[in-house]
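Student: So you can see what is in the structure, the chains are spelled out below.
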Amino acid sequence: MSGEDRGDVKALWQRQQEEPQDVAVASVRRRALTIEATARRRSLVFRLSIVNNVAICAALAWLRPETRPFVAVFFLAVSLAQTEALTRNTPVTAPSDAGLMTSLAFLRASLERERAFAARAWLWFLLPAAIGELALFAGMWATGGPGLRVALPLAATVLAIFGFVLVRSRQRGRLLQNQLDELGKA
Amino acid sequence: MIAIPPALGRSSLIAISRLLDVREPRLWRLSSQCITHSKGDTLSKQDDLYADAVAAYGSALGRLARGYEVDGERRRDLLQDIHLALWQSLDRFDGRCSLRTWAYRVAHNVAISKVIRRRTRKPKLVGVDELDLRTESGDREEQFDRARAAARLLAIIHELKPLDRQVMLLYLEDLDALEIAEVTGLSAVNVATKVHRIKKVLAARFLEGASHVR
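Heads up: the sequence lines are chains A and Y, in that order.
Each residue of the first sequence is one higher than the one before, counting from 1 in this note's numbering.
Each residue of the second sequence is one higher than the one before, counting from 1 in this note's numbering.
Worth double-checking, as some hints may not be accurate.
What the hints assert, rightly or not - Below, in silico cross-link-like pairs of lysine-lysine (DSS-like), each with a Cα-Cα straight-line distance of 27 Å or less:
1. Y/K161 / Y/K199
2. Y/K161 / Y/K200
3. Y/K45 / A/K10
4. A/K185 / Y/K200
5. A/K10 / Y/K199
6. Y/K199 / A/K185
7. A/K185 / Y/K161
To be verified - Okay, the calculated beta carbon distance ranges per label pair:
8. Y/S59 / A/A26: 18 to 28 Å
9. A/A105 / Y/S44: 20 to 30 Å
10. Y/D48 / A/R168: 44 to 54 Å
11. Y/D71 / A/T87: 30 to 40 Å
As the list claims (entries may be wrong) - Stretch-level coverage of chain A by chain Y, calculated; a stretch enters the list once three of its residues show a Cβ under 8 Å from a Cβ in chain Y:
12. 10–17
13. 31–43
14. 97–109
15. 133–143
Treat the hints as calculated values from the structure; they're not laboratory data.
Since the structure is predicted, the reported quantities are computational estimates derived from the model, not experimental observations.
By construction, the Cβ of each residue, glycine as well, lies at the ideal position given by its N, Cα and C atoms.
Okay, chain A solo, but in the shape it has when bound (with noise of 0.2 Å):
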């Protein structure tokens, strides 16, 4: 450091070397409508493993009527997953009116959303994924298929799964309402 701006760490810090920086507004509407591209195509496949579910159970209907009301549950409980994983689970982006929100209330209104998340991920997506599979199961059991000898083992790695992703949300939800409660402080 120089003599005159020795131990001035405001200096030092605004005298750093700056790095390159495209700042063009041409450059930032590109990177805008890559982005906006990119959502699209995470859109479209996520689009096209509905349409994916609605086929295989709509062929399964047809092919075996007998299991209609199973594939009926089944069909909607995976329905309601998705839907859910493609309107809950989205990262945390600052929002477009980010300017109108200090800092405190940005992080705030994040963890809250993350805590809302952690406490209720097994309700939006583990049930309903339970649920569709015990309909499977269950249906294979009613129309002759394998018995409870491959339905049981199959149910209870699918609760065993439910069980740790339940435990791991708590723990994850109780850490986030320490931090808010920190936030809460400030």
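Once you've looked at the hints, dock chain Y against the given chain A.
Tutor: Same frame as chain A, now just chain Y:
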């Protein structure tokens, strides 16, 4: 032709497709802005404001990105995200606060959202009250080396929790307590307390006496 059972009928598909559109409005709005721009030659007010903000605070935004990201590639991505968010947000700028406050709010909020996303992989962050006041050991002359001093300053910043980090970054950018309060949402008294602590930490880590720190 595949027969769709009544239980899987059109109504449920329509309901799902409506739900699928929940996330779209922001992107559609963005798309329409871009189309509007491509048809016209003149820069919009939003573009003018963005150009003004970049001219005045572009360097500060670059330094801010350093305060959040150590890795060069990620830092460039963060900086691009900040510029994108700033440009998008200026569509809603109504002059209720200064352009500087607005730019810093957007930049810090974008950076916070990144920090939150990768929080699990980060080492434990601490508050400014928990920073060690001890003087760094080592050769005094070495401390005055600019690069090493800047690296040490960055290391201190990266230790801090989001809000404390913001206060420190804004303090280093020469904002006063009221301006910092306006950006962060903390009370001016709280900011003043934190700034006082920051000065003590910086004095202890960089200097022989606090009087050298402005």
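Student: So, for every hint listed, does it hold in this structure?
Tutor: Now for the hints, and whether the structure bears them out:
1. Y/K161 / Y/K199: Holds. Y/K161 to Y/K199 sits at ~17 Å (cutoff 27 Å).
2. Y/K161 / Y/K200: Cα-Cα ~18 Å, so holds.
3. Y/K45 / A/K10: violated (33 Å)
4. A/K185 / Y/K200: At roughly 22 Å apart (the allowed maximum being 27 Å), Y/K200 and A/K185 satisfy the hint.
5. A/K10 / Y/K199: holds (11 Å)
6. Y/K199 / A/K185: holds (22 Å)
7. A/K185 / Y/K161: holds (14 Å)
8. Y/S59 / A/A26: 18 to 28 Å: Taking Cβ atoms as reference, Y/S59 and A/A26 lie about 21 Å apart, which means the hint holds.
9. A/A105 / Y/S44: 20 to 30 Å: Roughly 28 Å apart at Cβ, these two residues keep to the hinted range, so it holds.
10. Y/D48 / A/R168: 44 to 54 Å: 49 Å Cβ-Cβ, so the 44 to 54 Å window holds.
11. Y/D71 / A/T87: 30 to 40 Å: holds (32 Å)
12. 10–17: holds (count 5)
13. 31–43: That given contact holds, which follows from 8 residues of the segment 31–43 of chain A lying within Cβ reach (below 8 Å) of chain Y.
14. 97–109: n = 11 at 8 Å, threshold three: holds.
15. 133–143: Answer violated; 0 residues pass the 8 Å Cβ test.
Going through the hint list in order, the structure does not satisfy hints 3, 15.
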